[in-house]
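Heads up: the protein sequence lines correspond to chains A and B, in order. If you count by this note's numbering, then the first sequence holds residues 4 to 172, one letter each, in order. If you count by this note's numbering, then the second sequence holds residues 3 to 445, one letter each, in order.
Please keep in mind that the hints were generated in silico from the structure rather than gathered at the bench. Note that this is a predicted model, so its numbers are computed, not measured. Heads up, some of the hints might be wrong.
Stated by the list, open to error - Quick list of simulated restraints, FRET-style, between CB atoms:
{"#": "1", "chain 1": "B", "residue 1": "Thr148", "chain 2": "A", "residue 2": "Ala134", "range": "54 to 60 Å"}
{"#": "2", "chain 1": "A", "residue 1": "Arg166", "chain 2": "B", "residue 2": "Asp254", "range": "54 to 60 Å"}
{"#": "3", "chain 1": "B", "residue 1": "Arg249", "chain 2": "A", "residue 2": "Arg71", "range": "54 to 60 Å"}
{"#": "4", "chain 1": "A", "residue 1": "Gly151", "chain 2": "B", "residue 2": "Asn123", "range": "57 to 63 Å"}
{"#": "5", "chain 1": "B", "residue 1": "Arg423", "chain 2": "A", "residue 2": "Arg71", "range": "17 to 23 Å"}
The beta carbon of each residue, even a glycine, is placed where N, CA and C say it ideally should be.
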Amino acid sequence: MKLRFALVVLAIGLASAGCTKSSGKSTGDNNSVRQSELARPLPGKTWQEFTEPSKNGYSDRVFFAYDRFDLDEDAQATIRAWSEWLRAHRDAGILVEGHADERGTREYNLGLGAKRATAIRDMLIALGVNAGRIRTISYGKERPAVAGEDETAYQQNRRGVARPTTGGA
Amino acid sequence: MPLTSPISRPCRRLFLAGLFAVALPAMAAAQVTVRIDDPNFEPLPIAIVVPQASAGDERTTAEQIAGVVTDDLEGSGLFRPVDPNAFVQRDGSEVLAPRFNDWKGIGAEALVTGRVFHRTNGDVRIEFRLWDVSTGRQLVGRALETRRANWRRLAHKMSDAIYRRLTGERGYFDTRIVYVAESGPVLNRVKRLAIMDQDGANHRFLTNGENLVLTPRFSPSAQEITYLEYVGQRPRVYILNIDTGRREIVGDFAGMTFAPRFSPDGNKIVMSMARHGNSEIFAMDLRTRATKQLTRHQAIDTSPCYSPDGSKITFNSDRSGRQKIYVMNADGSGVRRISNRAGRYATPVWSPRGDLIAFTKLEEGNFFIGVMRPDGEGERILAEGFLAEGPTWAPNGRVLMFFKKPRGGTAKLYSVDLTGRNERPVETPVSASDPAWSPLLKD
Chain A
4 MKLRFALVVL AIGLASAGCT KSSGKSTGDN NSVRQSELAR PLPGKTWQEF TEPSKNGYSD
64 RVFFAYDRFD LDEDAQATIR AWSEWLRAHR DAGILVEGHA DERGTREYNL GLGAKRATAI
124 RDMLIALGVN AGRIRTISYG KERPAVAGED ETAYQQNRRG VARPTTGGA
Chain B
3 MPLTSPISRP CRRLFLAGLF AVALPAMAAA QVTVRIDDPN FEPLPIAIVV PQASAGDERT
63 TAEQIAGVVT DDLEGSGLFR PVDPNAFVQR DGSEVLAPRF NDWKGIGAEA LVTGRVFHRT
123 NGDVRIEFRL WDVSTGRQLV GRALETRRAN WRRLAHKMSD AIYRRLTGER GYFDTRIVYV
183 AESGPVLNRV KRLAIMDQDG ANHRFLTNGE NLVLTPRFSP SAQEITYLEY VGQRPRVYIL
243 NIDTGRREIV GDFAGMTFAP RFSPDGNKIV MSMARHGNSE IFAMDLRTRA TKQLTRHQAI
303 DTSPCYSPDG SKITFNSDRS GRQKIYVMNA DGSGVRRISN RAGRYATPVW SPRGDLIAFT
363 KLEEGNFFIG VMRPDGEGER ILAEGFLAEG PTWAPNGRVL MFFKKPRGGT AKLYSVDLTG
423 RNERPVETPV SASDPAWSPL LKD
């Protein structure tokens with residue numbers, strides 16, 4: 004995990020603002036130079052504008068596999084974008100929520116939500132965000148994003164969601 | 003404690019007249035009884051006569067009491083109250099000398115008679131007797147008295163006495179249930195703590211729904227509840243006094259605290275605490291506020307529950323890669339895994355008798371409620387559903403309550419006995435989850 008964060012930091016250095024989803028493979032591709040177009044400067048964007056899917060393609064949430072809390076490439080790209088936004092909004096704090104789908108027991112899912120939120124927090128810290136700006140909360144399976152009782156809905160509910168807490172919102 | 007009373011039906015054995023026996027020949031005789039652990043057992047036919055009463059309002063109380071006792075015993079699945087329309091002797095007038103042949107004639111094997119008095123000081127008194135119809139022996143003779151408004155508890159205590167005498171097990175009718183009442187849309191569910199008598203009477207809400215609340219559990223005195231509440235985006239364990247409504251945080255730690263339970267002596271809370279996202283089990287002494295960390299592992303360790311003698315703790319961990327059930331000593335030493343079958347095992351709850359651990363199991367997309375012995379052997383599945391979770395024991399360790407949500411439906415409480423045969427819905431005003439059964443209430 005530590006190693007992966009190191010690579011992430013390196014990638015950000017190379018890709019400057021790092022504001023698009025990475026399409027590079029994670030293994031055997033460490034020396035590749037990732038290029039992407041810069042979006043319009045971040046300081047002018049509120050969190051809401053920044054995470055409006057139709058405008059930027061960034062999201063305020065990342066998704067997890069069943070009973071897992073590791074961050075896949077999509078999740079890492081999104082969190083990298085969050086870190087850039089936070090870099091541009093020095094007065095903003097961030098609340099990271101960890102959520103689970105309903106196919107688990109209540110208390111375990113609270114623990115799983117805490118693991119998910121913390122995985123995101125740890126990556127933000129590895130990307131240079133001050134730990135004091137990040138709070139985490141686990142909702143377990145208590146706050147689904149999507150109603151429904153199939154894998155499509157559960158996928159949407161196994162998530163980490165970021166919300167600005169002060170300034171920049 | 004024996005699983006059955008001294009004499010069992012259908013296998014009748016000898017029994018000596020007990021303390022309450024009336025003047026019958028002091029010789030050994032066959033006696034009616036209920037086998038609680040036999041899945042093929044036929045419910046015992048019992049005639050519950052409305053207690054004798056003179057004044058009109060006394061008669062109303064007498065009818066209400068008979069109704070509650072009938073519902074209690076019928077609901078246990080172990081008794082079949084005989085239809086009062088079949089009674090030959092209808093008015094309970096022969097309280098001391100029932101005509102046993104009449105009761106035999108309508109198939110009753112046990113008979114309950116009594117008398118109700120309203121005292122001038124506002125109390126209600128019932129004198130009741132339980133009879134063995136085949137021998138004419140009195141099995142219980144007892145008087146109970148309480149404030150008139152409290153008559154339901156008097157009826158439940160009467161049910162407990164009858165249940166105990168005929169099954170050999172303590173009753174569980176004079177108890178309460180705390181649970182989470184759910185309302186509102188799925189995406190913005192409102193959850194409130196609610197409490198009610200075991201049979202659904204005297205229902206009231208304990209919280210107003212403003213904050214998310216989860217997993218309430220009773221203290222051994224049944225006067226307090228420990229539970230999880232989200233206060234200002236800080237999920238923490240609290241203790242709520244049921245009567246005063248006073249709420250107290252259980253240690254204001256930096257991280258989330260959750261999954262609380264009282265120790266059997268009520269002096270400690272055992273719970274999970276998430277530090278840097280990692281959930282470990284801690285015990286806090288409520289008198290000294292001293293906190294002791296009991297697990298040290300990067301896995302999720304949660305749902306701790308003491309054994310009834312307080313010497314051990316069972317808990318849930320995914321340290322093997324999947325959720326399994328573990329047992330350790332109360333000081334955190336001697337951790338060993340007890341659930342060794344396939345599937346995810348969760349929410350272990352030690353029986354008040356100590357002989358079994360109830361659990362939730364997830365396997366192949368379904369949820370199951372089951373029991374196993376503390377050594378992990380003897381697994382039995384008692385109920386299943388699209389989503390079923392959160393078993394809680396009746397104080398006699400013979401009945402479980404849990405919640406179940408069908409596909410496309412909302413959560414609802416159910417009870418099931420240890421044979422798995424008598425699963426029944428427990429009615430609540432709104433959707434319900436996370437039930438916790440109280441100990442027997444104090445006199």
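Please name the hints from earlier in the document that this structure breaks, with their numbers sorted from lowest to highest. Per hint list: 2, 3, 5 violated.
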